[in-house]
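Working from the sequences, and respecting the hints, build out all of it.
Residue numbers (our numbering), protein chains in the order written: chain U, 1 to 219; chain P, 1 to 229.
It should be emphasised that the hints constitute simulated quantities derived from the structure, not laboratory data. The structure presented is a predicted model; accordingly, all values stated were derived computationally and were not measured. For each residue, glycine too, the CB sits at the ideal point set by N, CA and C. Accuracy of the hints is not assured; some may be wrong.
[Claimed, not checked] To give an idea of the chain P side of the interface with chain U (calculated C-beta under 7 angstroms), a few residues:
#, residue
1, Glu-45
2, Tyr-53
3, Pro-60
4, Asp-71
5, Ala-95
6, Ala-99
7, Leu-154
8, Trp-160
9, Met-206
10, Asn-227
Take a look at the letters that make up each chain.
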Amino acid sequence: MAQITDNFNRTAETPLSNGGVWSVGAGSYDNVNTDGAQAQAAIEDSQFCVARATTPSIGNDQYAQIVLTVASNAGGGGPCVRMSGANQAMYGLQVLIDDGFWASTRRLLIFDSTGAETQLATTSDTITSGDTIRLEISGTTLTAKKNGAAFSPALTFNDNTIASGQPGFMLACNTPTLSNVEADDFDGGDLSSGPTAAQMAGIFEQQRIGSAIIGRVDA
Amino acid sequence: MLRIVRTAAVCLLVLTWAALAEAQTSVRYYLVPRIGNGHSVPLAELSETTGAYRPKYTDPGALGVGNDLLDWSAMRYLSGQAFLLGADVTAAQHAALAAQSDVLPVPSSLEATISALAVTSTKNQLEAINLPADWLDSSLTTRQILRRIGKFMLFDQRHWGLHGEALLQGITLDTRWNQLSNAQQTKLRATADSLGIDYSAVTSTMTLRQILVLLGDQLPVFSLRGNDF
Chain U
1 MAQITDNFNR TAETPLSNGG VWSVGAGSYD NVNTDGAQAQ AAIEDSQFCV
51 ARATTPSIGN DQYAQIVLTV ASNAGGGGPC VRMSGANQAM YGLQVLIDDG
101 FWASTRRLLI FDSTGAETQL ATTSDTITSG DTIRLEISGT TLTAKKNGAA
151 FSPALTFNDN TIASGQPGFM LACNTPTLSN VEADDFDGGD LSSGPTAAQM
201 AGIFEQQRIG SAIIGRVDA
Chain P
1 MLRIVRTAAV CLLVLTWAAL AEAQTSVRYY LVPRIGNGHS VPLAELSETT
51 GAYRPKYTDP GALGVGNDLL DWSAMRYLSG QAFLLGADVT AAQHAALAAQ
101 SDVLPVPSSL EATISALAVT STKNQLEAIN LPADWLDSSL TTRQILRRIG
151 KFMLFDQRHW GLHGEALLQG ITLDTRWNQL SNAQQTKLRA TADSLGIDYS
201 AVTSTMTLRQ ILVLLGDQLP VFSLRGNDF
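Below, the structure is given as structure tokens:
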């Protein structure tokens, strides 16, 4: 099960690269940078800044997730799946925390190879800055989640346009202070069954505790 | 005094029940036109000719005060610049949306057959947005009709994704296979191949509307707003 994770905890990168793992910007999009701890939009603009994880190759049924921290009315972003091509065609989950600046603040979009956006779903569910937001695609079905559970009402749709690609994320910052919109703890990979890295860490921890208890009993 | 209190309590109960009934939502489906220009803009600049492509009537205020559609999912049909919209709607939202002259509301029961009276008008409305409808008759349930329409859309979407053009670009539903250029035939085959669809039964005199039925029906079940089609 292929997986890509990045906590951005390294020397600041302009643009985000991590040794060539990431492909940023391209087409009608701007770059993503890092500040030594988190990822940020490269410029203040309502235009999207995007990053695609290029290696390892991820299967067509995949997920992407980020922890999104956003100041009120500063913009937003979200995870993307099946990102591909010179113009970054993709499916994207976009969540914004704002005061009514935008028409839709929790929506699913498809971005064509031309860069054109089509809005295909919205939900009245809300998010909080710091939530983990996730997008999954299985076959032609896209499902958005927050903090491990599906949005309620559901944020989902069906589309057949983009068959393959890689996971990634997008950010848009409407204010001069780029740290007002930040992504952290990116996680993307195959959607096939199997535990995530975080779940594996939990399993190892349980085994460690279990071994320690057994050891005590034996003693 | 007791009677007044009792009457007030009953009135409050009735009003509360009415408010709850009004707010209760159900999933309904509609065919609606596409609006926008493919590029997001702030709410203040949003109009029918700006913003991301999206189903008409999903913008704030589009259906009147208190009727904004908030929870919805849609499938796009690029050849008809239209969407199959599935939305969680209240009775008031449904009434407002169904009253629009450019909206085709789908009957609420997915298992009921379409009324004989509605067959012709439904066919006309589907054909008006380039969806083949000559196969439609009163023996079909709403679910069966939506299943076929949705599969046309899924085929059209993949064609767009592969070739950057709508399936019916420069041709019509009545164009025959042998009237397509070699390049058009190659693109159609590539779309079918990418979806694992068998097109060996396509003959040279088949029209595109016949081919779409043949190919689309091979696509797997899809889901929209909680229902499988």
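Going through the hints against the structure:
no., hint, result
1, Glu-45, "violated (10 angstroms)"
2, Tyr-53, "holds (4 angstroms)"
3, Pro-60, "holds (6 angstroms)"
4, Asp-71, "holds (4 angstroms)"
5, Ala-95, "violated (20 angstroms)"
6, Ala-99, "violated (22 angstroms)"
7, Leu-154, "holds (4 angstroms)"
8, Trp-160, "holds (6 angstroms)"
9, Met-206, "violated (22 angstroms)"
10, Asn-227, "violated (11 angstroms)"
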